[in-house]
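Peer 1: What follows is each chain in one-letter form.
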Amino acid sequence: MSAQAEAGAKKTLRYVDDRLGSASFLRKSMNKVFPDHWSFLLGEIAMYSLIILLLTGVYLTLFFHASSQEVIYHGRYAPLRGVAMTDAYASTLHLSFDVRGGLLVRQIHHWAALLFVLSIITHCFRVFFTGAFRKPRTLNWHIGVVLMILAILEGFAGYSLPDDLLSGTGIRIAYSVMESIPLVGSYLAYFVFGGDFPGVDFIPRLFVIHVLLVPGIIIALFSAHMMMIWHQKHTDFPGPGKTEHNVVGTVFFPTFILKTNGFLFLVFGILTLMAAFIQINPVWLYGPYNPSQVSAGSQPDFYIFFLEGSLRLMPNWETTIWGHTISWNILIPGVILPGIMFNLLAMYPAIESWATKDKGFHNLLQRPRDVPVRTALGVMALTFYGVLFIGGQNDILARTFDWSLQATSWTLRVLLIVAPPIAFYITKRWCLGLQHHDEELLHHGIETGIIRRLPSGEYIEVTAPLPPQRAAVLAMQLGVEHNGHANGHGALPSGNGHSSGHVAGEAEATKLRRPVGPVNRARNMLEGFFFERGDAPKANPEDDEPKTLSH
Amino acid sequence: MSDETPETAGTPDEPGTEAPKTAAEASGSVFGRLKHPVSTGGAARQRSSSASAREIEGEVLRRGNMAPDVPDAVRPRRKVGRRRTEGTEAAEAAAEAHLSRPSDSDGTHFLPDSEHGTSEPLDPREDKFAELLVSGLFVLATLAVIWVCIAFFAIPAHERLGEWMNFSLGGGLAIALLATGAGFVLWAKRLLPHDVAVQERHNPYSPEEEELLAEETFLKGVTTLGLGQRTILRRSLLGIVALLPLPAVIMLRDLGPLPRKQLRKSGWKAGDRLVDVETKLPIKLGDLEIGGIKTVLPEGFGNVQEHALAPTMLIRFAPGEIRSKKERAWSKNDHVAYSKICTHAGCPISLYEQQTHHLLCPCHQSTFDMANDAKVIFGPAARNLPQLELDVDAEGYFVAKAPYNQPVGPSYWERG
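In order, the protein sequence lines correspond to chains B and F. In the numbering used here, each residue carries its 1-based index in the first sequence increased by 12. In the numbering used here, each residue carries its 1-based index in the second sequence increased by 19.
Okay, chain B solo, but in the shape it has when bound (with noise of 0.2 Å):
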């Protein structure tokens, strides 16, 4: 840096310290750490993709017309020229054919949505099954799980301003389920849509909760959810280094905001590919809304699968008492089911603390298998919504595989029911597995495959010790005493005690270790950004060698 550069700099740092006392806590967040673990890119995708949703939505609204009134298209695309089609159709026409570049925007915004919403998802996974939403970061699972439900929200909302016939389908469903809420149903339906199905109203009202309240609540929230993961520092896997009580990484300026931003362009890059040359949603194919059509085979967004799948595999119970009719039929998958899932969802950390007393403050992760319980638990909750996931398209499995649609269906509704428990089970006994593996390890090392013969006759196996912080790392995670070391914080001693029938020898012992396979070698790369897998063993050259007993 030039010393004009610097001193203007400086001035300018100078100019805003005055103003606001900005140095200090300008100089705390650029030294803010940040740990590194591939899994943690999940939630900063969600991230890129809100800002990449905000700044194609700003563009979108320029052209949209948010009305219900009939108009004759006019506009470039022939098939549809001098059909009467409402404004927000015909508007969303000429956006995608007549303003240039804006069908490419509508594209990276379609395909940023759905990007949105799964890297939710899956960032959700990620907190959950590694333990992330444990105290002190209730708080921030509870808005988590609001953000998740807008992101749909949202989604639906968007998918459904177009007014082509796919769409419409959508709304008049919703509809329907407003309708089967007791009592009041068939007030709020007609107050949201302003009378009766479609009216005029409901276009400009769903376009102000799309582009204005929806994303401003998400905005707020988001922020919030921010501001908690800064104040109360990032969680970490346990690794050499790590402790409940400090974070490992790399400094937030200029490190991680170079890397970050780098990936926030991948990210729009990624998805602008996909919206130059993978078509999503064409709504000059289905065509304006026409309650008297629906094409086959009409699907909505991934994230209304699992509704989807739930009202088609739902029993056809309806009950009238007193003249009153409960469509139970609705009721329940539409708006009985998901209130219980996300509750489910929003109260499991409560549920689990409560459940296994367990009150204190975490901050490092737990790896999967190290909670069987939870990761059960979470595993069956998985299927279940898979398997409404998968009943969301049971005409498309029956078509494209040539079952029996009934026989689908049936299965499906079979499986919801016996699926999520076998699931449990088989996880359950999964990570016991794998845990009783990793103790094996702890206890008696990694096996070389060597058979020794001892002057007595005897033989033994002979295994070779785990590299001493590796079985540091791996006591901490089975949450067992390791060696004897009493250390109660969870610094990783420098162990060197072994137990008897280990060979001796950190020398030998590299030796003896097996090759590392192009599994583990990818895995050690890709984990980390900056840096290998802490506890890593060291793909060496020596080790692809034929290994003989030489002595």
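For the record, the hints were derived by calculation from the structure and aren't laboratory data. It should be emphasised that the depicted structure is a prediction, and the values quoted were computed from it without experimental measurement. All C-beta atoms, glycine included, are put in the ideal place defined by N, C-alpha and C. There may be inaccurate statements among the hints.
Using C-beta positions, here's what the derived DEER-type ranges look like [said to hold, decoys possible]:
#1 F:A421 to B:F413: 31 to 37 Å
#2 B:L225 to F:A421: 25 to 31 Å
#3 B:S34 to F:L257: 18 to 24 Å
#4 B:G20 to F:D142: 28 to 34 Å
#5 F:L244 to B:L165: 37 to 43 Å
#6 B:S365 to F:L244: 29 to 35 Å
#7 B:D110 to F:L257: 55 to 61 Å
#8 B:P530 to F:K147: 40 to 46 Å
#9 F:A421 to B:F137: 53 to 59 Å
#10 F:K420 to B:W334: 48 to 54 Å
#11 F:E145 to B:L67: 32 to 38 Å
#12 F:D142 to B:G469: 55 to 61 Å
#13 F:I309 to B:S307: 45 to 51 Å
If you want the footprint, here are the derived chain F segments under chain B, 3+ residues with CB under 8 Å [claimed, not checked]:
#14 182 to 188
#15 216 to 229
#16 398 to 406
#17 420 to 431
On the provided structure of chain B, position chain F as indicated by the hints.
Peer 2: Same frame as chain B, now just chain F:
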């Protein structure tokens, strides 16, 4: 970067702290590249009162923990760019000095790069190559942006404008964004020192005396407000707080009309002719072949907004195919008319299987047997489709003999 603010000044808590002036100086010339904004004066502020936290911090940073007997494999290693060298005595001493520096006020320390596999600056050639690579990517991005600008104006208006614009603008923009992103990532990965920073976490909760003070202040405030003693005040306050949102709720009343009996109306009157939804012509006996199906609306329908519940199907059976007595009674010359709106979620049902007379809703796969009163034979729908009684008027056109005798479409609370 002011280091000597009153906040950060404190007594050094680690023995042997001499506070070298700059990071580079502290770590010797070997670390000259690591020009990070590191605090040099003052000691760690005692923000987290827990003694153990400080012990651990010391623990982490003590070289013993990262001792040479730890195999290289377990150390976080730089992945690209630098060769590992054996630590010389000078480097060790430098590292020692580096480590013994007190943390800044937020507890950020830097572990010198040597701890993690490298103490040698990037090979100048490698460094230069990386720099050229990153700059090359930025240049590529610039060219792509220029291409986008040219393409925007150069591509002439065209029938397939959407497509061509999309490919050229999108492709160019994608290259620009991807190249910029890749440049940033490579810059971070290849050119920045990958030194590990360690930062102490402060306690998630406040010191106990702070908590007590806060509670006390809050309770004192509540007492001062007098809500405990002043009963009338409290009750009247509760009253107004409960009722204040009421105007907002009431004002939402005009969002729409009340449903009243509107949901029971389908748009059909007795004597309405059945009009083909596509040709907008009334339908005569013989217009429909055996096994045929048509979507019809009542004659004189306006736009679709007003007739969302009206769509009806006219189906013609072969003689003797209708199995239900009631259906036969309401049919006319083997023609029957049923509401097209699914009784489940209101989708227009459209997939008719001529041989089995099954009608399938594409939304949720409810299936109705059209030859037997449109009974539900599969899927989530609970009720049969309502039938429209048919007649033929003097001119031979199909008409509705009576409106639907029940509400059409999905169920709702007042339906009964």
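Peer 1: For every hint, state whether the structure bears it out.
Peer 2: Outcome of the hint check:
1. F:A421 to B:F413: 31 to 37 Å: Once the Cβ atoms are compared, 45 Å apart, the range 31 to 37 Å for B:F413 and F:A421 is violated.
2. B:L225 to F:A421: 25 to 31 Å: Since the Cβ atoms of B:L225 and F:A421 sit about 45 Å apart, the hinted range of 25 to 31 Å is violated.
3. B:S34 to F:L257: 18 to 24 Å: violated, 43 Å
4. B:G20 to F:D142: 28 to 34 Å: With Cβ atoms ~33 Å apart, the hint holds.
5. F:L244 to B:L165: 37 to 43 Å: With Cβ atoms ~39 Å apart, the hint holds.
6. B:S365 to F:L244: 29 to 35 Å: holds, 34 Å
7. B:D110 to F:L257: 55 to 61 Å: holds, 59 Å
8. B:P530 to F:K147: 40 to 46 Å: violated, 32 Å
9. F:A421 to B:F137: 53 to 59 Å: holds, 57 Å
10. F:K420 to B:W334: 48 to 54 Å: Since the Cβ atoms of F:K420 and B:W334 sit about 31 Å apart, the hinted range of 48 to 54 Å is violated.
11. F:E145 to B:L67: 32 to 38 Å: holds, 37 Å
12. F:D142 to B:G469: 55 to 61 Å: 56 Å Cβ-Cβ, so the 55 to 61 Å window holds.
13. F:I309 to B:S307: 45 to 51 Å: violated, 26 Å
14. 182 to 188: Check passed, 4 qualifying residues.
15. 216 to 229: Held - the region 216 to 229 of chain F has 7 residues with a Cβ nearer than 8 Å to chain B, which meets the minimum of three.
16. 398 to 406: holds (count 5)
17. 420 to 431: holds (count 4)
In this structure, the hints that do not hold are numbers 1, 2, 3, 8, 10 and 13, in rising order.
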